[in-house]
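Going line by line, the protein sequences match chains C, B and P.
Per the working numbering, the first sequence runs over residues 5 to 444.
Per the working numbering, the second sequence runs over residues 140 to 458.
Per the working numbering, the third sequence runs over residues 517 to 807.
Because the hints were derived from the structure by calculation, they are not lab data.
Any given hint might turn out to be false.
Unchecked claim - Using 25 Å as the maximum straight-line C-alpha spacing, the simulated SDA-like pairs for lysine to any residue come out as follows: (1) Lys335/C to Phe657/P; (2) Lys78/C to Tyr635/P; (3) Lys250/C to Phe657/P; (4) Lys441/B to Pro614/P; (5) Lys192/C to Pro369/C; (6) Lys637/P to Met433/B; (7) Lys252/B to Gly757/P; (8) Lys274/C to Asn580/P; (9) Lys274/C to Asp521/P; (10) Lys637/P to Lys192/C; (11) Lys149/C to Trp286/B; (12) Lys252/B to Lys612/P; (13) Lys250/C to Glu661/P; (14) Lys149/C to Ile368/B; (15) Lys603/P to Ala716/P; (16) Lys285/B to Pro369/C; (17) Lys637/P to Thr108/C; (18) Lys298/C to Phe657/P; (19) Lys252/B to Asp696/P.
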Amino acid sequence: MASKRSRIPLIIAIIVVIAVIAAGLGYYYYTSKLSPTPTITPTTPKIEKVVIGIVQPLTGNYAIFGQEAVNAAKLVVDIINNELGGVRSLGGAKLDIVVEDAGTSPESARLAAEKLISQYHVPIIYGAYISRFTLAMGTVTEQNKVILVTDALVDDLSRQGWMYFFRVAPQASSHGVSAVDFVLDEAKAHNVTIRTAVIINEDSIFGTTVSNGAHLELAKKGVEVLAHISYPYDITDMSPIVDQIKRLNPDIIIAIPYFSDGVLFAKTAKAAGLNPVFIAGAGACGFTDPDSIKAAGDAVLYYTNTYSYNPAKPTDWNQKLVKEFERRYGKMPTEAAGEMFYSLFTIYEALEKAGQMFPDDPLNPDHLRQAFLSLDLNESNSIAAQLYPTGRIKFAPNGDNLYAGTAVLQVQLINGTLTPVVVWPQPQAGVQAIFPRPGT
Amino acid sequence: MELFNREILLALAIFEILVLGLGFALSGNSYLMLLAAQVLLFAVFVATWNIIGGLTGQLDLASSAYMALGGITTSLLWMRLGVPPLLGVFAGGAVAMGLAVLIGLPTFRFGVKEVWYALMTASLVVILNNLFRYTMGPWDFYLPSKWGLIYLRPRTYFELFLIIDVVLVIVILVNVYISNSKIGYYLRSIREDELASESIGIDTRSYKLRALAIYSFITGAAGFLQIVIYSSFSYRLFDTSLAISIAIMGIIGGLGSISGSIASAVIFRTLGEYLRSSLGGVFPGLDLLLYGIMLIIVGVLKPEGLAGLFNQVRRWLGK
Amino acid sequence: MTPLDLLVAVVQQVVDGVFLGLFYAIVASGLALIFGVMDIINFAHGDLIMISAYFTWLLSMNLNLDPLLSMLLTLPILFLIGLGIQKGLINPVLGKEPLIQIAVTVGLGFVLQNIALGYFKAEPKGYPAPLFSGGFNLGPFVIYESKLVSAMVSLAVLILLSRFLAKTKLGLAMRAVTDDRASAMLMGINVGRVYLLTFAIGMVLIGVAAGLWMEMGQVTPYLGTSFSLVSWVAVALAGLGSIQGLIISAIIIGVAQSLGSLISPSIQMAVVYLIFFFILWFKPRGLFARR
Numbered sequence: 005m006a007s008k009r010s011r012i013p014l015i016i017a018i019i020v021v022i023a024v025i026a027a028g029l030g031y032y033y034y035t036s037k038l039s040p041t042p043t044i045t046p047t048t049p050k051i052e053k054v055v056i057g058i059v060q061p062l063t064g065n066y067a068i069f070g071q072e073a074v075n076a077a078k079l080v081v082d083i084i085n086n087e088l089g090g091v092r093s094l095g096g097a098k099l100d101i102v103v104e105d106a107g108t109s110p111e112s113a114r115l116a117a118e119k120l121i122s123q124y125h126v127p128i129i130y131g132a133y134i135s136r137f138t139l140a141m142g143t144v145t146e147q148n149k150v151i152l153v154t155d156a157l158v159d160d161l162s163r164q165g166w167m168y169f170f171r172v173a174p175q176a177s178s179h180g181v182s183a184v185d186f187v188l189d190e191a192k193a194h195n196v197t198i199r200t201a202v203i204i205n206e207d208s209i210f211g212t213t214v215s216n217g218a219h220l221e222l223a224k225k226g227v228e229v230l231a232h233i234s235y236p237y238d239i240t241d242m243s244p245i246v247d248q249i250k251r252l253n254p255d256i257i258i259a260i261p262y263f264s265d266g267v268l269f270a271k272t273a274k275a276a277g278l279n280p281v282f283i284a285g286a287g288a289c290g291f292t293d294p295d296s297i298k299a300a301g302d303a304v305l306y307y308t309n310t311y312s313y314n315p316a317k318p319t320d321w322n323q324k325l326v327k328e329f330e331r332r333y334g335k336m337p338t339e340a341a342g343e344m345f346y347s348l349f350t351i352y353e354a355l356e357k358a359g360q361m362f363p364d365d366p367l368n369p370d371h372l373r374q375a376f377l378s379l380d381l382n383e384s385n386s387i388a389a390q391l392y393p394t395g396r397i398k399f400a401p402n403g404d405n406l407y408a409g410t411a412v413l414q415v416q417l418i419n420g421t422l423t424p425v426v427v428w429p430q431p432q433a434g435v436q437a438i439f440p441r442p443g444t
Numbered sequence: 140m141e142l143f144n145r146e147i148l149l150a151l152a153i154f155e156i157l158v159l160g161l162g163f164a165l166s167g168n169s170y171l172m173l174l175a176a177q178v179l180l181f182a183v184f185v186a187t188w189n190i191i192g193g194l195t196g197q198l199d200l201a202s203s204a205y206m207a208l209g210g211i212t213t214s215l216l217w218m219r220l221g222v223p224p225l226l227g228v229f230a231g232g233a234v235a236m237g238l239a240v241l242i243g244l245p246t247f248r249f250g251v252k253e254v255w256y257a258l259m260t261a262s263l264v265v266i267l268n269n270l271f272r273y274t275m276g277p278w279d280f281y282l283p284s285k286w287g288l289i290y291l292r293p294r295t296y297f298e299l300f301l302i303i304d305v306v307l308v309i310v311i312l313v314n315v316y317i318s319n320s321k322i323g324y325y326l327r328s329i330r331e332d333e334l335a336s337e338s339i340g341i342d343t344r345s346y347k348l349r350a351l352a353i354y355s356f357i358t359g360a361a362g363f364l365q366i367v368i369y370s371s372f373s374y375r376l377f378d379t380s381l382a383i384s385i386a387i388m389g390i391i392g393g394l395g396s397i398s399g400s401i402a403s404a405v406i407f408r409t410l411g412e413y414l415r416s417s418l419g420g421v422f423p424g425l426d427l428l429l430y431g432i433m434l435i436i437v438g439v440l441k442p443e444g445l446a447g448l449f450n451q452v453r454r455w456l457g458k
Numbered sequence: 517m518t519p520l521d522l523l524v525a526v527v528q529q530v531v532d533g534v535f536l537g538l539f540y541a542i543v544a545s546g547l548a549l550i551f552g553v554m555d556i557i558n559f560a561h562g563d564l565i566m567i568s569a570y571f572t573w574l575l576s577m578n579l580n581l582d583p584l585l586s587m588l589l590t591l592p593i594l595f596l597i598g599l600g601i602q603k604g605l606i607n608p609v610l611g612k613e614p615l616i617q618i619a620v621t622v623g624l625g626f627v628l629q630n631i632a633l634g635y636f637k638a639e640p641k642g643y644p645a646p647l648f649s650g651g652f653n654l655g656p657f658v659i660y661e662s663k664l665v666s667a668m669v670s671l672a673v674l675i676l677l678s679r680f681l682a683k684t685k686l687g688l689a690m691r692a693v694t695d696d697r698a699s700a701m702l703m704g705i706n707v708g709r710v711y712l713l714t715f716a717i718g719m720v721l722i723g724v725a726a727g728l729w730m731e732m733g734q735v736t737p738y739l740g741t742s743f744s745l746v747s748w749v750a751v752a753l754a755g756l757g758s759i760q761g762l763i764i765s766a767i768i769i770g771v772a773q774s775l776g777s778l779i780s781p782s783i784q785m786a787v788v789y790l791i792f793f794f795i796l797w798f799k800p801r802g803l804f805a806r807r
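Just chain C, same shape as in the assembly:
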């Protein structure tokens, strides 16, 4: 057999050499990062801009929220930079945002956070709406001492013992509690007795947490929970559940849907003639948002839901933001946008505070943290609080807002169109809650 002149050895040699050189360079870089050489900086450099990382689900089932949140962020940043002159205590530094898609798994959310930290060196990250994504992100931000401000509502997140974690929005269980309190308040005001209830919820950790909040509150207030039914959010047939509820005949139903299942439930309930004293939603998904109303029509008439944001709050800044959002994007801002509004303005307040408290090193994580903890915002001293349902923002040591609360919206027929209106805790102008459901 004639010997073949093979190119393989040469190629192997080249590859090995390249690999060794690359390895060497990389390792040198790695070890050099472990012990940074001291730099001589006589004066602190002026901060031109503060980059905030935003991680939101832009693809997958939760893309609805992510896209809305990013739109809201762009609006807020424009206002802060152009109308308010940037962060004044930092010499008018502008805000800049970098948006990363959280993807469809905790793995990609984690990568998004790592990328923001290692490539953009952001001091603050906002996100990621979904609790298990946020959990993956949180381990990264906590380890790197990056402030995480979250719009994910599951209670567990603030129980991790994280130090650099803040949540302005009301946590999941308080949504459940709000829904129950609203119903019982209205019942009392209209002299209706509520004795029994059925709770249904989509079976993710979020739906379950909200529903448990509701369950506990109902039990506390002496209402008997006849059944607590959970179901998969992508359920295609609600009739077994609706049939079961009809048989149980409760006074009220507390429902915690996702979106499609909410519409499906409303339509199926209408077809079955299910009409208890009241049907209240909780958890900010479904029933009363513009798209659900469009899809369900009058099947969702008189349904309510709790929201982390009140778009009808009559403060100056809130109305201004809502109008501007509608003008830019053609729809009313709901949950995800609202959370972004007040959270981003809270971040702005914290940056201002940090600049005042620590003019030499405002973006130091521990300084930022202290700035956050020192905030005590209300409607007269900040924009952020004007946008928040309860009008007050102050952080507990675990990062949750001490004055967290939700607003309740109801679908009513206003001038012939189905419109969501705020009915609780303060109804918007010219409106009141319709309770009980007509026909009961």
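Following the hints, put chains B and P in place on chain C, whose structure we already have.
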């Protein structure tokens, strides 16, 4: 046939030099290092799947079930009984293997094959997903905050990368061993034509079960590393689309080819992340769209997968 | 819960399950036809339904038509689209490894999902006031108009399909190809033409299923995931053979799902798939397999 001939060991050595070199090169950038670790772990699962899918030709779509079952077993043993994961992963693998064999025995015995086998395995993932949610609730369970090799939870992504690399080398060696041994010979025969294999006296059920057992054990053991990357686990770990992705990567790589499996896993997973990070925020869904188009193109134009490409390159090199 | 209550609950669930099963039957029928005749493993079946559902929705909203009516309008167009897809995408993977077909169709699924996501965004789209949105009581039982109508339409279409396969020349050709492709070719059947028409008819069936769904529910880019696996299980459970077999196996699935929801809606699909498991162990190629 020599089990571990010189050529293969040389190729493996070169591969390892490249991998380690890459690891060192990236160790300064935590984002890229994490990505490399994730990509390598994905390659582990695809290369392991090659045992049942590539070498034996069975359309198994349950890898995420074994991964989750094994990983969760390991985690619970740690969280509830204090068993360090370095030991616990063997229990995890055993549990996954146990379930696989328990179901595999009647399945192969009664001759469930092809599409039906694929659907059965896909259904298994959903069944376990629902059962886990029903019994353990929808909660996220967090790994204890303890670090160290014995917990298989290193402090740096670089060390995680190295651990995964060790697992990958083991998987490659297992693949090579099976491929070049008598078992591999029978499995290949089963893959080519199961009916004919049976008629010449090969106990197809027994060999399929063996392949299933090995694959499910390794997948179950390595599952814990997936949980380490997620930092938590829940019923969502039983994920049908992940199992399908793993199988598809094995196909695109070229059935039976270990190098193809690894290459396709690395290329597509990296590409997927690149698309997500550059386009995800700009045009939502565009990254997945392009991924889908790539799948179509490769499937239609090069069904022998990347392995076919490698063969062409090897021939060119040999000239 | 008294025994009578339990009985009522069970019977109600069985009735709902039969309606659901008939709906699943029409959903799976397109897949059964395509898989049976062409041996194509299509994992994008649910996504094709999703696209058809959006199509129906667009027509409904723009022409202010009930989804059942706009569905009728979509059918001829879907037929043509089916011809196109078959020629362009399916032909190249005919006869290839099943796993390659899975890979390509999964890719197709991603493409469809993300085109839908880009164009329609992620919010669910539905028709707010469909014709059949009410219900009535039959004693202690509730009958939903939309489900009754969809079950009836489903049954009618499936009976038509069955007749078509049994009596027409094309139908017989399709069955011949399903049973034994090689012999069919030897007998002079133009297999290529059969494939083309099979896929087109399959798309029409998908369109019917999508229209019926839009009468009851709404569509998001991810609707496909709710239907893909179930359709495949229905087809696999039935085995390749007859439309009647498909109807029965789909009803089994529907009833299993509905009864399963009495235990808990969260595990209803697990119940369905467990039953699938056990049946496959006894009948590895499906309940009514002929080949």
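Pairwise hint evaluation, Glu661/P against Lys250/C, where the allowed Cα distance is 25 Å at most: holds, 17 Å
Agreement of Lys637/P and Lys192/C with the hint, judged by alpha carbon distance not exceeding 25 Å: It is violated: about 42 Å lies between the C-alpha atoms, which goes past 25 Å.
Satisfaction of hint between Phe657/P and Lys335/C, Cα-Cα up to 25 Å: violated, 41 Å
Given pair status - Lys612/P, Lys252/B, alpha carbons within 25 Å: holds, 17 Å
Hinted pair Lys637/P and Met433/B, Cα distance within 25 Å: holds, 23 Å
Agreement of Lys298/C and Phe657/P with the hint, judged by alpha carbon distance not exceeding 25 Å: violated, 30 Å
Given pair status - Phe657/P, Lys250/C, alpha carbons within 25 Å: The hint holds at about 10 Å.
25 Å Cα cutoff - pair Lys274/C, Asp521/P: Answer holds: Lys274/C to Asp521/P is near 22 Å, not above 25 Å.
Pairwise hint evaluation, Pro614/P against Lys441/B, where the allowed Cα distance is 25 Å at most: Holds, because 14 Å separates the two Cα atoms, which is no more than 25 Å.
Restraint status (C-alpha distance of Lys252/B to Gly757/P at most 25 Å): OK: Lys252/B and Gly757/P at ~17 Å, within 25 Å.
25 Å Cα cutoff - pair Lys637/P, Thr108/C: holds, 16 Å
Proposed proximity, Pro369/C with Lys192/C (alpha carbon, max 25 Å): violated, 48 Å
Against the hints set out earlier in the document, violations occur for numbers 1, 5, 10, 18.
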